[in-house]
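Chains as they are written, first to last, in numbering that gives the first Met the number 0: chain W, 0 to 344; chain S, 0 to 592.
Hints are computed from structural coordinates only; laboratory data are not their basis. Treat the hints with care, since some could be wrong.
Facing chain W, according to a computed beta carbon distance under 8 Å, are these residues of chain S, among others [claimed, not checked]:
hint, residue
1, T102
2, Y109
3, I240
4, G283
5, G291
6, M294
7, L298
Sample of chain W residues lacking proximity to chain S, with all beta carbon distances greater than 12 Å (derived) [said to hold, decoys possible]:
hint, residue
8, D1
9, L6
10, A114
11, G238
12, T242
13, K246
14, F312
Derived CB-CB ranges, DEER-like [unchecked claim]:
hint, chain 1, residue 1, chain 2, residue 2, range
15, W, S185, S, H299, 50 to 58 Å
16, W, G99, S, V93, 57 to 65 Å
17, S, Q585, W, A145, 41 to 49 Å
Backbone N, C-alpha and C define an ideal beta-carbon position, used for all residues, glycine too.
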Amino acid sequence: MDFQIALLLGQDGLTNGAIYALLALALVLVFAVTRVIFIPQGEFVAYGALTLAALQAGKLPATLWMVVALGAVVVAVDGAIALRHGAMRRLPRMLALNLGIPLLLWALLAHVETAGLSLIAQIALTLCIVVPLGPMLYRLAYQPIAEAPVLILLIVSVAVHVVLIGLGLLFFGAEGTRTPAFSEGSLELGAVTLQYQTLWILAISALLILALYAFFGRTLYGKALRATALNRTGARLMGISTTMAGKLSFTLAALIGAFSGILISPITTLYYDSGFLIGLKGFVGAIIGGLVSYPLAAAGALLVGFLESYSSFWASAYKEVIVFTLIIPVLLWRSLTSHHSEEEE
Amino acid sequence: MMRRLLLPLFVIALALLPVVLPESAEFYVTLLNYLGLYALVALGLVLLTGVGGLTSFGQAAFVGVGAYATAWLTTAFGWSPWLTLLVAVATTTVVALFLGFITLRMGGHYLPLGTIAWGISLYFLFGNIEAFGGHTGLGGIPPVSLGGMELKSGREFYYLIWIALMLGVVATQNLLDSRDGRAIRALKGGVVMAEAMGVNTAWYKIVIFTIAAQFACVSGWLYAHLQRFVNPTPFSLTQGIEYLFMAVIGGVGHVWGALLGAGLITILKQWLQDLLPKLLGQSGNFEVIVFGLVMIFVLHRARDGLWPVIVRLVEKRLPMAVRANAVEAADALPRRERPAVGDTILDVQQVTKRFGGLTANNSVSFSVRAGEVMALIGPNGAGKSTMFNCVSGVNPPTEGEVRFLGQRVDGLASREIARRGMSRTFQHVRLLPTMSVLDNVAIGAHLRGSRHFVHASCRLDRDEERRLRAEAARQIERVGLAEHMFDAAGSLPLGKQRIVEIARALAADPCLLLLDEPAAGLRYLEKQSLAELLRKLRGEGMGILLVEHDMDFVMGLADRIVVMEFGEKLAEGLPRQIQEDPKVLQAYLGGVE
Chain W
0 MDFQIALLLG QDGLTNGAIY ALLALALVLV FAVTRVIFIP QGEFVAYGAL
50 TLAALQAGKL PATLWMVVAL GAVVVAVDGA IALRHGAMRR LPRMLALNLG
100 IPLLLWALLA HVETAGLSLI AQIALTLCIV VPLGPMLYRL AYQPIAEAPV
150 LILLIVSVAV HVVLIGLGLL FFGAEGTRTP AFSEGSLELG AVTLQYQTLW
200 ILAISALLIL ALYAFFGRTL YGKALRATAL NRTGARLMGI STTMAGKLSF
250 TLAALIGAFS GILISPITTL YYDSGFLIGL KGFVGAIIGG LVSYPLAAAG
300 ALLVGFLESY SSFWASAYKE VIVFTLIIPV LLWRSLTSHH SEEEE
Chain S
0 MMRRLLLPLF VIALALLPVV LPESAEFYVT LLNYLGLYAL VALGLVLLTG
50 VGGLTSFGQA AFVGVGAYAT AWLTTAFGWS PWLTLLVAVA TTTVVALFLG
100 FITLRMGGHY LPLGTIAWGI SLYFLFGNIE AFGGHTGLGG IPPVSLGGME
150 LKSGREFYYL IWIALMLGVV ATQNLLDSRD GRAIRALKGG VVMAEAMGVN
200 TAWYKIVIFT IAAQFACVSG WLYAHLQRFV NPTPFSLTQG IEYLFMAVIG
250 GVGHVWGALL GAGLITILKQ WLQDLLPKLL GQSGNFEVIV FGLVMIFVLH
300 RARDGLWPVI VRLVEKRLPM AVRANAVEAA DALPRRERPA VGDTILDVQQ
350 VTKRFGGLTA NNSVSFSVRA GEVMALIGPN GAGKSTMFNC VSGVNPPTEG
400 EVRFLGQRVD GLASREIARR GMSRTFQHVR LLPTMSVLDN VAIGAHLRGS
450 RHFVHASCRL DRDEERRLRA EAARQIERVG LAEHMFDAAG SLPLGKQRIV
500 EIARALAADP CLLLLDEPAA GLRYLEKQSL AELLRKLRGE GMGILLVEHD
550 MDFVMGLADR IVVMEFGEKL AEGLPRQIQE DPKVLQAYLG GVE
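Take the sequences, apply the hints, and build the full model.
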């Protein structure tokens, strides 16, 4: 391996690592706030990329039907509860959020030639379609059993993942897609050639991480999420709705997932099931951070990115094996150093 | 009567099926073979997930270890399949012990996450190793021969699969109905209690994970010799997830749930794989959508799966015969040597316990002698229960020394302290609510038995088990709860649950008994009989350390009293002295003007 190749691989590793870091942050966030191990995170990556690709091809993405359908189910479930309690005042907001917005999107997409729109508009539409799936999934799959043990929530996560994979195949077919780069071309920096897309990924990842940092540190909602993560009962006694916290964290996770998909789809071909492995690599990063520490999770994710890129050079067939076996020394180290408290769930 | 016939009828039907099914129904023999293979894996998950409260998505990888071990060793080296079975199980055991060791000491979700990673790694490994034929796989695996007969056809192999499965079912049932079985059932929601009764919970978690892996491995070995060909696909993570679905949908807490779930998923999959692509006009594995939705529904609405639903239906039709709930007479268990009355058995010196910035106990010292009742009293929040946790090792002290029977025990795990003859109850009752009072109390006697899971699976533990149950029954009678012996512990009123805790502590044959508010929630007469029991125990030379708020109860019973306030010792002395101590009166009544 010469210097040139090492740099190239390093660039690859950094790019992938940045995406894994974003996903790892979302996973830690969801786990801390809701105790859900969010296996379906990766499906949002695939849904984001493939929805954007469909819009660019001028097709109505099938995820639109999904958001309309899920919205209708949420309204049916929540509406029935509201009617039973005679809480009519909740209805307008519920209808607007869960059915109004998706239907509006449908009307818009049916009349606009999406292939001709600017990239920013396409991305905005993609996010409007995919992100609401996050809180809707929380409402339907997790909220009814929000107090269940971590193990049950994990099994539900796996079930949701399996459903989303099946639907992904149904929606997008088995073919992979690639979207055009945000801006074509590359930057020469001495011996290094940097693709513009790489720079986009690094810049936007850093920006998103800073935005999250500000959100948690500066805003009331961010602080409410942190409070819920620290102590659910205590947060509830202070008037923080754990349901709101759950939906908000799922919204953020969906946003981060979909955006990650949009960011990487110009540099790698994504299939309906590609998200799973990408999400799991974020997980390996998150586990390095013990599923609690944000900086450690981000660092772990970068490590995964580099390991993956360099092992693809040395032993490309064993790339996945190496990345996922990394978890074993990490777990061993954590198990030997952590003082496991015997508190039960 | 009818119900007792169900199982033999089921077994006879199973045995006759291959004989009765016509040549044209070969498909059903194949289906039943696969069902048996899947059920064996799901059975391991019942033990792991339903009973032990842990889970694994990597079972398919263990199936792969079994299949590839025998495929490679029989084809490349010509080993006998029976020899490769041993090698496969040994390999699986080593891997499972290692994975269990690194994940099970941490939170419960690290095992499933670790098994996901392990499942993916192994799948890619199988597909990339040249000797294993890469993604194409390995063919030409020899058939298994049994007594000179080669099991080549599906019908012949059927018996091998179903005998293996039935042996697995029986061994699992035997295991759950034993000393180790009680310890395993305590893993789900009773870890602190079980540790305090001397159960090494981390070890039992590793044991059930290993057993589940071995079941999966045997299923893989059978699979390889049934198919006579292996490739990586059936050992992927997707299949590992499907195994868990089988166990959960069938009924993850019941051995028969594994069979039911495997049957349902296998048949449903067959049907959906035909139906859905036609319906949707595309080809693909769309059945996972239905499986996932069914899973979510089951976990929301019927977390115990379908087996209990079926049992309830059957019980309605065929009224249950009265279960033979009797405890057989058996020789008493040996008792430990007791210290002489008056010897100091517990010596607490300057114990301090801090939680971050909060000092819950500050340099507290006291001692307990054999044959006396020492009461620890004080207002709420004085640090009494914290002191109990320091002494019993549930939450070790930050500073100071605890000596028990002359040896230092601070810093030891609670199960080690229990082994030395200290037994306790908890202020917040820690019973396993769905288990019977007898089983709960028998956990207390855990350390007095030595037969383990291998003995239990083969029913070599019956003599000891009779003695343990008889001992538990004796203690239940002693505390006056004989009428509730076979009731679910959770169905008793709280006051009686506290008494069950005392019986459980007594079943350990302790020389020091730690009772945390035993009289709370008891009625007057019940309190009197409790006091009577404690006096009797004291008369037998037992040392008793008691935390209690009921002053009449304490003053009438205690030999000496230590008063605590704000984590510090306020006073110590005879009950009469304490009642007149101005500092104590100040603390309790706000002082005399």
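Hint by hint, here is what the structure shows:
{"no.": "1", "hint": "T102", "in the structure": "6 Å, holds"}
{"no.": "2", "hint": "Y109", "in the structure": "6 Å, holds"}
{"no.": "3", "hint": "I240", "in the structure": "6 Å, holds"}
{"no.": "4", "hint": "G283", "in the structure": "5 Å, holds"}
{"no.": "5", "hint": "G291", "in the structure": "3 Å, holds"}
{"no.": "6", "hint": "M294", "in the structure": "4 Å, holds"}
{"no.": "7", "hint": "L298", "in the structure": "5 Å, holds"}
{"no.": "8", "hint": "D1", "in the structure": "26 Å, holds"}
{"no.": "9", "hint": "L6", "in the structure": "27 Å, holds"}
{"no.": "10", "hint": "A114", "in the structure": "24 Å, holds"}
{"no.": "11", "hint": "G238", "in the structure": "26 Å, holds"}
{"no.": "12", "hint": "T242", "in the structure": "16 Å, holds"}
{"no.": "13", "hint": "K246", "in the structure": "18 Å, holds"}
{"no.": "14", "hint": "F312", "in the structure": "16 Å, holds"}
{"no.": "15", "hint": "S185/W / H299/S: 50 to 58 Å", "in the structure": "51 Å, holds"}
{"no.": "16", "hint": "G99/W / V93/S: 57 to 65 Å", "in the structure": "58 Å, holds"}
{"no.": "17", "hint": "Q585/S / A145/W: 41 to 49 Å", "in the structure": "47 Å, holds"}
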